[in-house]
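In case you want the letters, here they are:
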Amino acid sequence: MLSYAAEVGKDEGFNPPDAGDFNLPPFIEGNEFATKPILLVFLSVILISIFFILASRKAALVPSKLQFAGESVYSFVRNDLGREVIGHEFMRFVPYLFTLFTFILVNNVFGIVPMLQFPTMSRISFPYVLAAFTFFIFHYVGIRKQGFLKYMKEIMFLPGIPKPAYILITPLELATYFLVRPLTLSLRLFANMFAGHLLLLVFILGGEHLLQGVIGLKLISPFAFAIGIALTFFEFMVQCLQAYIFTLLTALYIAGALADEH
Amino acid sequence: MKDKEEGKVRNMEGTLNLVGFGLAAIGPGIATGLIFAAYINGVARQPEARSVLQPIAFLGFALAEALALFGLVLAFVL
Numbered sequence: 006m007l008s009y010a011a012e013v014g015k016d017e018g019f020n021p022p023d024a025g026d027f028n029l030p031p032f033i034e035g036n037e038f039a040t041k042p043i044l045l046v047f048l049s050v051i052l053i054s055i056f057f058i059l060a061s062r063k064a065a066l067v068p069s070k071l072q073f074a075g076e077s078v079y080s081f082v083r084n085d086l087g088r089e090v091i092g093h094e095f096m097r098f099v100p101y102l103f104t105l106f107t108f109i110l111v112n113n114v115f116g117i118v119p120m121l122q123f124p125t126m127s128r129i130s131f132p133y134v135l136a137a138f139t140f141f142i143f144h145y146v147g148i149r150k151q152g153f154l155k156y157m158k159e160i161m162f163l164p165g166i167p168k169p170a171y172i173l174i175t176p177l178e179l180a181t182y183f184l185v186r187p188l189t190l191s192l193r194l195f196a197n198m199f200a201g202h203l204l205l206l207v208f209i210l211g212g213e214h215l216l217q218g219v220i221g222l223k224l225i226s227p228f229a230f231a232i233g234i235a236l237t238f239f240e241f242m243v244q245c246l247q248a249y250i251f252t253l254l255t256a257l258y259i260a261g262a263l264a265d266e267h
Numbered sequence: 279m280k281d282k283e284e285g286k287v288r289n290m291e292g293t294l295n296l297v298g299f300g301l302a303a304i305g306p307g308i309a310t311g312l313i314f315a316a317y318i319n320g321v322a323r324q325p326e327a328r329s330v331l332q333p334i335a336f337l338g339f340a341l342a343e344a345l346a347l348f349g350l351v352l353a354f355v356l
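Quick mapping for you: the protein sequence lines, in order, are chains S and F. Reading the first sequence from the start, the letters are residues 6 to 267 in this note's numbering. Reading the second sequence from the start, the letters are residues 279 to 356 in this note's numbering.
Take these hints with a grain of salt, some might be off.
Only part of the chain S face toward chain F is listed, based on derived beta-carbon distances under 10 Å [stated by the list, open to error]: (1) D23; (2) F195; (3) A196; (4) N197.
So these bits of chain F aren't anywhere near chain S, every CB distance computed over 12 Å [stated by the list, open to error]: (5) G292; (6) L301; (7) Q332; (8) A340; (9) L350.
These are computed hints drawn from the structure, not numbers from a lab. From the three backbone atoms N, C-alpha and C, an ideal C-beta is built for every residue, glycine too.
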């Protein structure tokens, strides 16, 4: 499978980018694990490890620039996401939140790094796995803290509601906790990265296609490229925001599971 | 569509899903606007409440935006 366009046999005209553009062929023929997203995941882990090992080595009271950069990322996650949201038990969860934040952030930003330019999270399997981690962690924390029956009771029966209303509320609450939360968590990240990459593809590929047209179209193509560049910066904002939101929601779910009363 | 000059039937290709997505994005668009309007209002009235309001605003934004993105996903899936 060379590319989606070749497979469907589209004609010479402009083929707008679609979901098929995300199916990158493997590097090694027949080895379906040797694909770009997998490579990017490994690269991100290596980059994050190197950065934070370098930043935390030779830690001094008066920090170097690198140490300062590493520490500001850490303190952002610890204070703004951990302490503010989870409360007094937050230190247990900071390693997970911090890993999640940096991992998603670096993998998202790969979408606009020249030569790489593919957000790993635009392949839905990666957000699924991350959301599954969060899903199991916040339920585990809740069950550990309150016991299985009490935890389920707290999910299913909100206090202060007339009894007959439980017929409606209980299924909704169950669906929220076990279906909607993990699904929205993963789909939000996936869809943002997917849509953003598609948007960039439309303008960059469109500009490139206009360049091959008549002279009038050639004159227009710089505008398409300019919008593509502007959207690249917009994408950077969205990528940081999504990493933040994923971690924030994880922290909120954990805080909800830890809370004694709703 | 009828082409009057040649009398041939021309086909329109494509999918209506994307029109549906456009319609589905109206609601979350308005919702996002309302959320940030409230956030800006709150910060303008009480600047020191910014750090309290920010996570709430982004949470609301994320929840509203998720609806639009489900529309996008379904536009491609269906």
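Checked hints:
no.: 1; hint: D23; result: holds, 7 Å
no.: 2; hint: F195; result: holds, 8 Å
no.: 3; hint: A196; result: holds, 3 Å
no.: 4; hint: N197; result: holds, 6 Å
no.: 5; hint: G292; result: violated, 10 Å
no.: 6; hint: L301; result: holds, 17 Å
no.: 7; hint: Q332; result: violated, 9 Å
no.: 8; hint: A340; result: violated, 4 Å
no.: 9; hint: L350; result: violated, 6 Å
Violation of the numbered hints given earlier is confined to hints 5, 7, 8, 9; the remaining hints are satisfied by the structure.
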